[in-house]
Amino acid sequence: MGGVLVFGRSGDSVGLDPGRETDGESFYGSTAVFDTLVEFELGQTAVKPALAETWEVSIDGLTYTFSLREASKFHDGTLQC
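Residues 1 to 81, numbered by this note's numbering, are exactly what the sequence shown covers, in order.
Hints in this document: simulated from the structure, not taken from any laboratory. Note that CB positions come from ideal geometry on N, CA and C, so glycine has one too. A hint or two may mislead.
Pairwise CB distance ranges (calculated) [said to hold, decoys possible]:
| hint | residue 1 | residue 2 | range |
| --- | --- | --- | --- |
| 1 | Glu53 | Ala32 | 29 to 35 angstroms |
| 2 | Thr65 | Arg20 | 23 to 29 angstroms |
| 3 | Gly15 | Lys73 | 20 to 26 angstroms |
| 4 | Val4 | Phe27 | 36 to 42 angstroms |
| 5 | Asp60 | Ser10 | 22 to 28 angstroms |
| 6 | Gly15 | Leu51 | 31 to 37 angstroms |
| 7 | Ala46 | Phe7 | 28 to 34 angstroms |
| 8 | Val14 | Ile59 | 36 to 42 angstroms |
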(Lines of atoms letter the chains of each structure in order from A; the text may use other names.)
(Lines give C-alpha, C1' and ligand atoms only; values in the text may rest on other atoms or scores of the structure.)
Protein backbone atom coordinates (compact mmCIF):
# COMPACT_ATOMS: atom_id res chain seq x y z
CA MET A 1 0.00 0.00 0.00
CA GLY A 2 1.19 3.53 -0.55
CA GLY A 3 1.04 6.30 -3.02
CA VAL A 4 0.51 10.01 -3.24
CA LEU A 5 -2.58 12.02 -2.41
CA VAL A 6 -2.85 15.36 -4.20
CA PHE A 7 -5.43 17.74 -2.76
CA GLY A 8 -6.06 21.11 -4.39
CA ARG A 9 -7.22 24.15 -2.41
CA SER A 10 -7.90 27.73 -3.35
CA GLY A 11 -5.52 29.16 -0.73
CA ASP A 12 -3.43 28.59 2.38
CA SER A 13 -4.75 28.31 5.92
CA VAL A 14 -4.30 31.39 8.09
CA GLY A 15 -3.82 29.03 11.05
CA LEU A 16 -5.00 25.73 12.50
CA ASP A 17 -6.52 26.92 15.79
CA PRO A 18 -10.27 26.42 15.26
CA GLY A 19 -11.02 28.72 18.19
CA ARG A 20 -9.27 31.66 16.54
CA GLU A 21 -9.49 31.30 12.78
CA THR A 22 -12.59 32.27 10.84
CA ASP A 23 -11.58 31.77 7.21
CA GLY A 24 -12.77 28.80 5.19
CA GLU A 25 -9.34 27.51 4.23
CA SER A 26 -8.29 27.27 7.91
CA PHE A 27 -11.57 25.51 8.64
CA TYR A 28 -10.82 22.84 6.01
CA GLY A 29 -7.42 22.15 7.54
CA SER A 30 -8.54 22.11 11.17
CA THR A 31 -11.42 19.71 10.51
CA ALA A 32 -8.88 17.22 9.19
CA VAL A 33 -6.86 17.50 12.42
CA PHE A 34 -9.38 17.98 15.26
CA ASP A 35 -12.52 16.15 16.36
CA THR A 36 -15.44 18.21 17.61
CA LEU A 37 -17.58 17.44 20.64
CA VAL A 38 -20.77 17.81 18.61
CA GLU A 39 -21.62 18.59 15.01
CA PHE A 40 -24.59 19.69 12.94
CA GLU A 41 -26.85 17.29 11.09
CA LEU A 42 -26.05 17.64 7.39
CA GLY A 43 -27.97 20.60 6.00
CA GLN A 44 -29.70 21.35 9.32
CA THR A 45 -29.18 23.20 12.56
CA ALA A 46 -29.90 20.13 14.71
CA VAL A 47 -26.90 19.14 16.86
CA LYS A 48 -25.76 15.51 16.94
CA PRO A 49 -23.04 13.67 18.89
CA ALA A 50 -19.48 13.54 17.59
CA LEU A 51 -16.61 13.00 20.08
CA ALA A 52 -19.12 13.51 22.90
CA GLU A 53 -21.66 10.72 23.11
CA THR A 54 -23.96 12.58 25.48
CA TRP A 55 -24.07 15.92 27.28
CA GLU A 56 -26.01 17.65 30.02
CA VAL A 57 -26.68 21.35 30.46
CA SER A 58 -27.01 22.84 33.95
CA ILE A 59 -30.31 24.43 34.93
CA ASP A 60 -28.82 27.93 34.61
CA GLY A 61 -27.43 27.06 31.15
CA LEU A 62 -23.87 28.01 32.11
CA THR A 63 -22.27 24.58 32.52
CA TYR A 64 -22.13 21.83 29.93
CA THR A 65 -20.94 18.35 30.97
CA PHE A 66 -19.85 16.10 28.10
CA SER A 67 -19.36 12.32 28.20
CA LEU A 68 -16.75 11.39 25.62
CA ARG A 69 -16.52 8.22 23.56
CA GLU A 70 -14.67 5.47 25.38
CA ALA A 71 -10.89 5.38 24.83
CA SER A 72 -10.81 8.94 23.47
CA LYS A 73 -7.29 10.32 23.42
CA PHE A 74 -5.90 13.82 23.62
CA HIS A 75 -3.46 15.10 20.99
CA ASP A 76 -0.51 13.95 23.13
CA GLY A 77 -1.81 10.36 23.26
CA THR A 78 -3.06 10.40 26.87
CA LEU A 79 -6.48 8.91 27.53
CA GLN A 80 -9.39 11.07 28.63
CA CYS A 81 -10.39 10.78 32.29
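Look at the Cβ atoms of Thr65 and Arg20 and judge whether their distance stays inside 23 to 29 angstroms. 25 angstroms, holds
Given a hint of 29 to 35 angstroms, does the C-beta separation of Glu53 and Ala32 actually sit inside it? Cβ of Glu53 to Cβ of Ala32: about 22 angstroms, so the range 29 to 35 angstroms is violated.
Indicate whether the distance between the beta carbons of Asp60 and Ser10 respects the range 22 to 28 angstroms. Cβ of Asp60 to Cβ of Ser10: about 43 angstroms, so the range 22 to 28 angstroms is violated.
Would you say the C-beta atoms of Gly15 and Leu51 sit inside 31 to 37 angstroms of each other? Between Gly15 and Leu51, where Cβ atoms are some 21 angstroms apart, the hint is violated.
Between Gly15 and Lys73, is the Cβ distance one that fits in 20 to 26 angstroms? Since the Cβ atoms of Gly15 and Lys73 sit about 23 angstroms apart, the hinted range of 20 to 26 angstroms holds.
Within 28 to 34 angstroms: is that where the Cβ-Cβ distance between Ala46 and Phe7 falls? At 30 angstroms between Cβs, range holds.
Go ahead and decide if the range 36 to 42 angstroms is satisfied by the Cβ distance of Val14 to Ile59. For Ile59 against Val14, whose Cβ atoms are near 39 angstroms apart, the range 36 to 42 angstroms holds.
With 36 to 42 angstroms as the target window, see if Val4 and Phe27 comply at their CB atoms. Violated, at about 24 angstroms.
Hint violations for this structure: numbers 1, 4, 5 and 6, all remaining hints satisfied.
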